[in-house]
Amino acid sequence: MTNNLKKEKKWFKPMFDFDDEEKPAKKSKKETHSQKVPEDIEPVESEVLDLKAGQKPIIIKDHQHWLKTFEPVKVEDLAVHNKKVQEVEEWVKTVCNNNNSDMLLMTGPVGCGKTITLRVLATKYNVRITEWITPVDIDIPSEYGEFEFKQRQSVRFLDFILNAANFTSLLDDNNRKLVLVEDFPNTFLRTPSEFTEVLQQYRQRAKSPIVFICSETHTDNKNSAANIFTPSLKEQFKIHHITFNSVAPTNLKAALKRVDSIISRKHTAVYNCPTADVIECVVNSSAGDVRSAVLNLHFACLKGGSRQNMDTSIVPGKESKSKGVRKKKQTSSKFMSLGKDQTVSILHGVGRVLNPKVIETETGSKKFTHSPEDIIEQFISQPISFVNFLEENYLPHFSNIDHVDKAASAISDADFMLAEWREKMCQEYGLYTAVASLMLANKAPISAWNPVRGPKNMKIQYPSARELFLEENHLYKGKILVSDYQTYCKIIGNKTGT
Amino acid sequence: MSLWVDKHRPRDLMKLDFHTDQAVRLKSLVQQSDFPHLLVYGPSGAGKKTRIMCLLRELYGSGVERLRQETMTFTTPSNKKVEIMTVSSNYHIEVNPTDVGIHDRVVIMDLVKTVAQTHQIDSSGQREFKVVILNEVDDLTKDAQHALRRTMEKYVATCRLILIANSISRVIPAIRSRCLTIRVPAPTETEIASVLKLVCRKESLNIPPELAIRLAKAADRNLRRALLMCEACKVQQYPFTADQKIPEPDWQLFIRETAALILSEQTPKKLGEVRQKLYELIIHGVPPDMIFGGLLKELVRNCDMSMKCQVASHAATYEHRMRLGNKAIFHIEAFVAKFMAIYKKFVEESMGDAF
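Chains as they are written, first to last, in numbering that gives the first Met the number 0: chain A, 0 to 497; chain B, 0 to 354.
Since the hints were made in silico from the structure, they are not lab data. One or more of the hints may lead you astray.
As the list claims (entries may be wrong) - From the structure, some residues in chain A lie toward chain B, with a derived Cβ separation under 8 Å:
#1 VAL72
#2 ASP401
#3 ILE459
What the hints assert, rightly or not - What the simulated footprint calls covered on chain A by chain B, stretch by stretch (three residues with Cβ under 8 Å from a Cβ of chain B suffice, anywhere in the stretch; the number is not a length):
#4 184 to 197
#5 414 to 426
#6 474 to 485
Said to hold, decoys possible - Below, a list of computed lysine-lysine pairs in the DSS-like style, where the Cα atoms sit at most 30 Å apart:
#7 A:LYS455 / B:LYS48
#8 B:LYS233 / A:LYS478
#9 B:LYS112 / B:LYS48
#10 B:LYS296 / A:LYS458
#11 B:LYS196 / A:LYS478
#12 A:LYS423 / B:LYS244
#13 B:LYS80 / A:LYS476
#14 B:LYS343 / A:LYS478
#15 B:LYS233 / A:LYS455
#16 A:LYS478 / B:LYS244
#17 B:LYS269 / A:LYS476
#18 A:LYS489 / B:LYS233
#19 A:LYS489 / B:LYS48
#20 A:LYS455 / B:LYS268
#21 A:LYS476 / B:LYS216
#22 B:LYS244 / A:LYS455
#23 B:LYS307 / A:LYS476
The beta-carbon is built from N, C-alpha and C at its ideal position, and this holds for glycine as well.
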């Protein structure tokens, strides 16, 4: 039955992608899930049996399913903060009943659960999602070796979203629908004005809401959200904007616990049950990214070919001191081989340098919680701006002028080294000098709340010739006007003027 | 408004007031049809620019004095547009490449190229080359200086460069050797005083010789500043008296205040205030080396001999780093912090002796 239907839909636009995996999920989830589980397990077992009995490697037949099985099904399963879920839910509820072309923009760091929140809510309210995926826009070259370009990307995009918004599928007569755009055609990134036109068309002609999802990154130039969705555009089309934060560790832990329970119920053939320590490690090393956390957990719990525990490849960092640390609820153990690098904002980094925390190790020697090496590793790509930030902010933390002297001298050294921008090593040494000596110089710190200020803009404003009552083509400009002319021109000009 | 400095600027090489021997040599240099690239250096207010304008007049006639201003746009390799103001006549173009900061290399290469590729329209009776005047060559980045070296050789047939610098210690040797270096030393105090007297006579004023000497001293052997001071004095009080008040430049007063601030208290908090003052000076365009020099001069007054020596040596270190580094404020602040530390120790010790 389903096979026939699949063939039938070909007459329609081929780029209309009916999510095959999504379809069964639309019915009551619990049933499908319980049906699915034996399917998942059985092929695994059968394949294992096919192979030689001694080795028993585990092969998962369907590549999509191992991550899919852990995906949240109900709203309660989401790792996203309740308030955010409610915000999106409100929007979905209000919007899906009236056939307007409302627009929603969801932004947030990667892996914070933007898409899945929308999908889960859509299933809850029985809304069909049609997603745009940018197709390849050139054909195979013709026999003359020429590339034939198809329609313009923006035209195709507009066609697609209008069709998706206005026509219900033949397969189900569900008229609640929603268009999702996560994959923006390149042309919009190059010429944002085209996007404005498309939106205008959509606003006029479409009868379904549309959702845009953008990942945010720390660096501005890759931020499609900021580039395409300018504040004026949001104003013009009344785009509702919901920002997501990266997932909090407690929520992430709860989500992983759920994964753990799924594993222990159904997938013991493939995975070892993760211990609490492993989950903690995963949480620590994934920096608020659920997707990467699940991936890491998957890797950490896999049963190896020789049925050995994977724990050997997990290096819980600084295990020796983890006991002492754990008392303070600062678990620092994380995977060395997996996981994302923690991203530290520049303000955070400045705080770590200027308020260094010292801890005592078991042997009695003292040590920084964030060593200078770790900090410079984070900021090696932008040493100059980091040192500028440090310079602007270090002074209020000091109480003794002798310490200031040491620190200022070190910053001066650092600037000297950073000036040699051709030498990679000089950059690193310069940054190291500034960071390490600022951390060490302050023996008597003042602990007070000091807001971090940005470095001053040192754009020099030279007086113009006219300001000084001089002719436009005056022989001198800039420096000399300031050092010699300025004062006297004022005196002379004022007297002769009056 | 026509200031005395501009009104009475000598316009002929033969009418210069000091270094006359050098002027004669320059005249004979340009009387031959060709001359090499020039690198003119000397302290501020010694008459470098005046000499060069005289030289150009000698070369091309009075046409060089018809100046016009133009803004030229250049595109950096990173596709950034930089704008720079140029002053030019039909025969020469003058530019201050340091105005565009680190993009000075592009300006130098493109500017010299465009100038060198356009020939003089009427070459009969004219020189076959144009002149490019580059100001503040010692503040150019190393990159720009190397670019300059190459362009100098390439376009030697159609254009001559006249480089102006305060000191040649930061001009790379390759450029120094390609130019005829001409040093214009600062005029002596008596020379300045005689110029002041001459200008006053032209203005049909009467200046007492004591005041002229005092002006020359206060102006730090800078003739331009001396003339401006003199005119300001005239505006404030005429007829002149030998002991009348000489107005000081604003920035000098400001630096004195800053120095007083440093001496009043040696704490990090005070240093924060000092930093704000330094920022203000820098943003208003006072060159960092002048700030440094002014501060040192004021601070050292309150030191005994051994401390003077110590402070001066630290000042030299930080000033050198400032020249090599990017952010002048870092180094000035480091010097101030160092001075505060030394001074505080000194005060504490002398207090200890007293009790």
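Hint check:
1. About 50 Å separates the beta-carbon of A:VAL72 from the nearest beta-carbon of chain B, more than 8 Å, and the hint is not met.
2. Using the Cβ-Cβ criterion of 8 Å, the hint placing A:ASP401 at the interface with chain B is satisfied: the shortest such distance is roughly 5 Å.
3. Given hint, A:ILE459 at the interface with chain B, holds; its Cβ is 5 Å from that chain's nearest Cβ, closer than 8 Å.
4. Taking a C-beta to C-beta cut-off of 8 Å, the segment 184 to 197 of chain A contributes 0 residues in contact with chain B, too few for the three needed, and the coverage statement is violated.
5. Under a criterion of three residues with beta carbons nearer than 8 Å to beta carbons of chain B, the stated coverage of the segment 414 to 426 of chain A is upheld, 4 such residues being counted.
6. Remark: the segment 474 to 485 of chain A is confirmed as covered by chain B, as 12 of its residues place a Cβ nearer than 8 Å to a Cβ of that chain, reaching the required three.
7. Using a Cα cut-off of 30 Å, the hinted pair A:LYS455 and B:LYS48 is violated, with the two alpha carbons roughly 34 Å apart.
8. With a CA separation close to 25 Å, the supplied pair B:LYS233 and A:LYS478 stays within the 30 Å bound.
9. Taking the CA atoms of B:LYS112 and B:LYS48, the gap is near 24 Å; set against the 30 Å cutoff, the hint holds.
10. A distance of roughly 27 Å separates the Cα atoms of B:LYS296 and A:LYS458; the hinted pair therefore holds under the 30 Å criterion.
11. Our distance criterion of 30 Å between C-alpha atoms is met by B:LYS196 and A:LYS478, whose separation comes to about 27 Å.
12. Restraint check for A:LYS423 and B:LYS244: the C-alpha separation of about 55 Å exceeds 30 Å, so the hint is violated.
13. For the hint pairing B:LYS80 with A:LYS476, the CA-to-CA distance comes to about 22 Å; that is within 30 Å, so the pair holds.
14. Between the alpha carbons of B:LYS343 and A:LYS478 the distance comes to roughly 34 Å, so the proposed pair goes past 30 Å and is violated.
15. For the suggested pair B:LYS233 and A:LYS455, the alpha carbons sit about 40 Å apart, so the restraint of at most 30 Å is broken.
16. As the CA atoms of A:LYS478 and B:LYS244 are separated by approximately 26 Å, the hinted pair is consistent with the 30 Å bound.
17. Among the hinted pairs, B:LYS269 with A:LYS476 is inconsistent with the structure: their alpha-carbon atoms are about 34 Å apart, more than 30 Å.
18. With a C-alpha separation of about 14 Å, the suggested pair A:LYS489 and B:LYS233 falls inside the 30 Å cut-off, and the hint holds.
19. With a CA separation close to 23 Å, the supplied pair A:LYS489 and B:LYS48 stays within the 30 Å bound.
20. A distance of roughly 18 Å separates the Cα atoms of A:LYS455 and B:LYS268; the hinted pair therefore holds under the 30 Å criterion.
21. The straight-line distance between the Cα atoms of A:LYS476 and B:LYS216 is roughly 25 Å, inside the 30 Å bound, and the hint therefore holds.
22. Note on B:LYS244 and A:LYS455: the hinted pairing is violated, with a Cα-Cα distance of about 38 Å set against a maximum of 30 Å.
23. In summary, the hint linking B:LYS307 to A:LYS476 is not supported, as the alpha carbons are separated by about 36 Å, beyond the 30 Å threshold.
In terms of the numbered hints stated before, the structure departs from hints 1, 4, 7, 12, 14, 15, 17, 22, 23, listed from lowest to highest.
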